[in-house]
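So the chains spell out like this:
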Amino acid sequence: MNRKRAVIVTSGFLLFISCFGIWSLWEPDRTLSEFENRVLAKFPSFSWDKLWSGRYTDQLDDYLVDQFVGRDNWVGLKSDMERMSGKTENKQVFFGSRGYLFERFTYDEEQLSQNIEQIARFAERHQKDVDSLSLLLVPNSQTLNGEYLPKYADATDTPQSPLMDQIFSELNGRVAPVDIREILQQKKNTAQIYFRTDHHWTTRGAYYGYQAFANSIGLSPTPEAALEAKPFSDAFYGTFYTKANQRDITPDRLELLETSLPEYEVCIEGQSACENSFYDMKAQNERDKYKVFFGGNFPLVTIHIPHEEGNKDRSIIVFKDSYANAMVPFLAQHYSTIHMIDMRYFRMNVDEYLQEHHYDDMLLLYSVATIAQEDIFKWLN
Amino acid sequence: MVFSSVAFLFYFLPIALLVYYAAPQRWKNAALLLISLFFYAWGEPVYILLLLFSSVIDYMNGLLMDRYEQREKIRRFILVFSLIVNIGVLSFFKYADFLILSANDLLGTHFAVLDLPLPIGISFYTFQTMSYMIDVYRRNVPAQRSFINFAAFVSMFPQLVAGPIVRYEDIDKQLARRHVSMELFASGVRRFIIGLAKKVLLANNIGMLWDTTLSGSSELTIAGAWIGIIAFAFQIYFDFSGYSDMAIGLGRMLGFEFPENFRYPYISENASEFWRRWHITLGSWFRDYVYFPLGGSRVRKWRLLVNLFIVWFLTGLWHGANWNFVLWGLYFGFLIAIEKLWLGKWLERIWRPFRHLYFIAVILIGWTLFAIEDLTQLPHYLQVMLGFTQAEWISRTNLYYLQSYGALLIVLTFASTPIAARLTSKLNNRMNPTVMAILEVIVLTILLLASTAYIIDDSYNPFLYFRF
Numbered sequence: 001m002n003r004k005r006a007v008i009v010t011s012g013f014l015l016f017i018s019c020f021g022i023w024s025l026w027e028p029d030r031t032l033s034e035f036e037n038r039v040l041a042k043f044p045s046f047s048w049d050k051l052w053s054g055r056y057t058d059q060l061d062d063y064l065v066d067q068f069v070g071r072d073n074w075v076g077l078k079s080d081m082e083r084m085s086g087k088t089e090n091k092q093v094f095f096g097s098r099g100y101l102f103e104r105f106t107y108d109e110e111q112l113s114q115n116i117e118q119i120a121r122f123a124e125r126h127q128k129d130v131d132s133l134s135l136l137l138v139p140n141s142q143t144l145n146g147e148y149l150p151k152y153a154d155a156t157d158t159p160q161s162p163l164m165d166q167i168f169s170e171l172n173g174r175v176a177p178v179d180i181r182e183i184l185q186q187k188k189n190t191a192q193i194y195f196r197t198d199h200h201w202t203t204r205g206a207y208y209g210y211q212a213f214a215n216s217i218g219l220s221p222t223p224e225a226a227l228e229a230k231p232f233s234d235a236f237y238g239t240f241y242t243k244a245n246q247r248d249i250t251p252d253r254l255e256l257l258e259t260s261l262p263e264y265e266v267c268i269e270g271q272s273a274c275e276n277s278f279y280d281m282k283a284q285n286e287r288d289k290y291k292v293f294f295g296g297n298f299p300l301v302t303i304h305i306p307h308e309e310g311n312k313d314r315s316i317i318v319f320k321d322s323y324a325n326a327m328v329p330f331l332a333q334h335y336s337t338i339h340m341i342d343m344r345y346f347r348m349n350v351d352e353y354l355q356e357h358h359y360d361d362m363l364l365l366y367s368v369a370t371i372a373q374e375d376i377f378k379w380l381n
Numbered sequence: 001m002v003f004s005s006v007a008f009l010f011y012f013l014p015i016a017l018l019v020y021y022a023a024p025q026r027w028k029n030a031a032l033l034l035i036s037l038f039f040y041a042w043g044e045p046v047y048i049l050l051l052l053f054s055s056v057i058d059y060m061n062g063l064l065m066d067r068y069e070q071r072e073k074i075r076r077f078i079l080v081f082s083l084i085v086n087i088g089v090l091s092f093f094k095y096a097d098f099l100i101l102s103a104n105d106l107l108g109t110h111f112a113v114l115d116l117p118l119p120i121g122i123s124f125y126t127f128q129t130m131s132y133m134i135d136v137y138r139r140n141v142p143a144q145r146s147f148i149n150f151a152a153f154v155s156m157f158p159q160l161v162a163g164p165i166v167r168y169e170d171i172d173k174q175l176a177r178r179h180v181s182m183e184l185f186a187s188g189v190r191r192f193i194i195g196l197a198k199k200v201l202l203a204n205n206i207g208m209l210w211d212t213t214l215s216g217s218s219e220l221t222i223a224g225a226w227i228g229i230i231a232f233a234f235q236i237y238f239d240f241s242g243y244s245d246m247a248i249g250l251g252r253m254l255g256f257e258f259p260e261n262f263r264y265p266y267i268s269e270n271a272s273e274f275w276r277r278w279h280i281t282l283g284s285w286f287r288d289y290v291y292f293p294l295g296g297s298r299v300r301k302w303r304l305l306v307n308l309f310i311v312w313f314l315t316g317l318w319h320g321a322n323w324n325f326v327l328w329g330l331y332f333g334f335l336i337a338i339e340k341l342w343l344g345k346w347l348e349r350i351w352r353p354f355r356h357l358y359f360i361a362v363i364l365i366g367w368t369l370f371a372i373e374d375l376t377q378l379p380h381y382l383q384v385m386l387g388f389t390q391a392e393w394i395s396r397t398n399l400y401y402l403q404s405y406g407a408l409l410i411v412l413t414f415a416s417t418p419i420a421a422r423l424t425s426k427l428n429n430r431m432n433p434t435v436m437a438i439l440e441v442i443v444l445t446i447l448l449l450a451s452t453a454y455i456i457d458d459s460y461n462p463f464l465y466f467r468f
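Chains as they are written, first to last, in UniProt numbering: chain A, 1 to 381; chain B, 1 to 468.
One should not assume that every hint holds.
Listed below are several chain B residues computed to face chain A (Cβ distance under 8 Å; list not exhaustive) [claimed, not checked]:
#: 1; residue: 11
#: 2; residue: 13
#: 3; residue: 394
#: 4; residue: 458
#: 5; residue: 461
#: 6; residue: 463
These are calculated hints, taken from the structure and not from any lab test.
All C-beta atoms in this analysis are idealised placements derived from N, C-alpha and C, irrespective of residue type, glycine included.
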């Protein structure tokens, strides 16, 4: 019996370690993992230099891990085990109630104060060029839906509300703050403001952001009843989903809220032809369905809307991150020219660009996370 | 290469076993040497030369000692020469920067540091070659005539990077002849899988709790400080003993029987007992090659204290080139001294749970010395832990981590005791052997699959011994 048992244990182990290795080599390499939303390591190129420094074997290690057969299933299995052990997060993503996922938020104080200073310098220079210069900050989902966080998890998560107060107060007098917390709080019981599986706000959330902005600069916003809701997808798995690696998560619904507009033009800098829609229906087939808005992020997008009434001959420039993509379509009711600039990719001189063009309004639209974390605002100056 | 990696488990190991078992009997050690050199070169392509240098020097020293069998003075000279080379190499690569920085601090000099990366496993293999020279000098074993056998002993991949420290006399006969049976191989597989699970499922996971404690130590609470250091205590034990288990398991797969390195250290009642259960091969190395030659305990009281000081200073220093490790070593030297002198007798008379309580307090305070390398941070941590500051008792953050790691902490506590092992052997005696065989296969399969999942998604897989 003991011998039989030894044979089973030995052969089982040897089969396991040799088959999975061979099988992994046999399977064709994947370039990216949709499940984890990242590029997978390729077979490293060889050089003696790399070998001596130990980098070659490091890269080979990465390659073998990334291309291991059934990688997605192993990653999912690990995530399941983490949850079974009582953990309420995986890879910095909390599993909240009602299917809400949240990303743990941390930031670097130095980066934040540097960014505030850069924005202040920029605003001081351009305040006088425009009728209004506003700053709209979008807080993260747990600022609004904190009660859905796992128990005690808030203690390990930096709250964004105090940061918003800090940013607004330090930029006081230079930019007009658009504080959307109140309106979102009012609407949260009747509408879904944030996606459950993604860090963005929903189209509805963006609409309330637009309302707050329009009211703050004296425009009368399109009433909610005038919006035409069109379902876009019921199978949106956002960025939190890909980080959490948990398979049994209900996807989000993404809908578009359209208003009636004359035929307009959306031109993306560097692309030969302009589009006639804010919406990129090809996103239907992509994992990141939020890309339906403008097809993603670009350094510069210019929009022209030939309104008939002359009083709408206004222009606005929006410095923004991806949160603006869902909101800018609502602005089309009020402007004939809209320029969107994404400072993560825009590398022209901003001052020169502003000299060449004239705008009536200027809006900085950023998530709190972008201002607290990203090192991009130096490009404004 | 580390054992808990895809490269090792699914590529190196099957190929290594294939090469080793395909090699004819007389080439087995040569095959083992080649495999081991490849294993070492994977992570340290350049330092392989150092490993070979150490092997060549001591191989020749051994032969010379053999040749001058009758000349005691020459033999002694060869031993001293070998020790100087070994300790010299170790000091240069491991302690040079530490000496330079300490000199700069103490004397106000401004020597530049060398900034050499530490060759992995150097503390382990130099201790192995030194044990060889001393054993040959003492005539406990004959000198090894075959360079291949000797180099295979020094570089043997299962224990090369993290021990156990296999002494030459333990393995001398096995180098010449060893018998592999299916039973031995299977017991190696069992041991390896258990070790892998200890490292990947237990140590890595609880290690994250210690990391979060250390990175957020500005808002340290009393409970947080204790939870953090308990997490570290579990991490280092399951990581280190997991590595030893894997090494012993791999050794058996190759037909070797390595010495045990851990025997449930956390069930100890005092510091002296702990060191008979913790990293046994290092403790006995220092006992046999340093402490006993100095006279051991059979000397006058002041001399005993000096001996303990030397041994524990060195033991501390062995763990890393930093003062906190020296402090940690001396802390144990101090505890063992007072336990020898009077505390031990007193402890024997108190109720047993109190003895365990004494030990747990002592070991956790010890681990703070070990874990916090920044000596400016250490006093704060200890003060919070012992309630000397205004720190809060407990915070919501602590509750969050207790909720996240509570189940794991219970498993770790359970796994630190021999309960599971006793239960298994009881079941083995009473239950139907077929049932037990099925049960075993199920448990091993689950552990192996779970460990693989954690290796594939290895967001956290530290190698703790790069300082050793």
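Per-residue hint verdict: residue 394 (chain B), partner chain A, C-beta under 8 Å
Violated. Min distance 11 Å.
Identify whether the interface hint at residue 461 (chain B) stands, where standing means a beta carbon of chain A within less than 8 Å of its own.
With Cβ-Cβ at 10 Å, over 8 Å, it is violated.
Given a cut of 8 Å on the nearest C-beta pair, is the interface hint for residue 463 (chain B) held or broken against chain A?
violated (12 Å)
Holds or violated: the hint that residue 458 (chain B) contacts chain A, with Cβ atoms closer than 8 Å.
Where the cut-off is 8 Å and the nearest Cβ of chain A is about 7 Å from residue 458 (chain B), the hint holds.
Regarding the hint that residue 11 (chain B) lies at the interface with chain A, is the smallest CB-CB distance below 8 Å?
Holds: closest Cβ of chain A sits about 5 Å from residue 11 (chain B), inside 8 Å.
When the nearest CB of chain A is found for residue 13 (chain B), is that gap smaller than 8 Å?
holds (6 Å)
Checked against the numbered hints given earlier, the structure breaks hints 3, 5 and 6 and satisfies all the rest.
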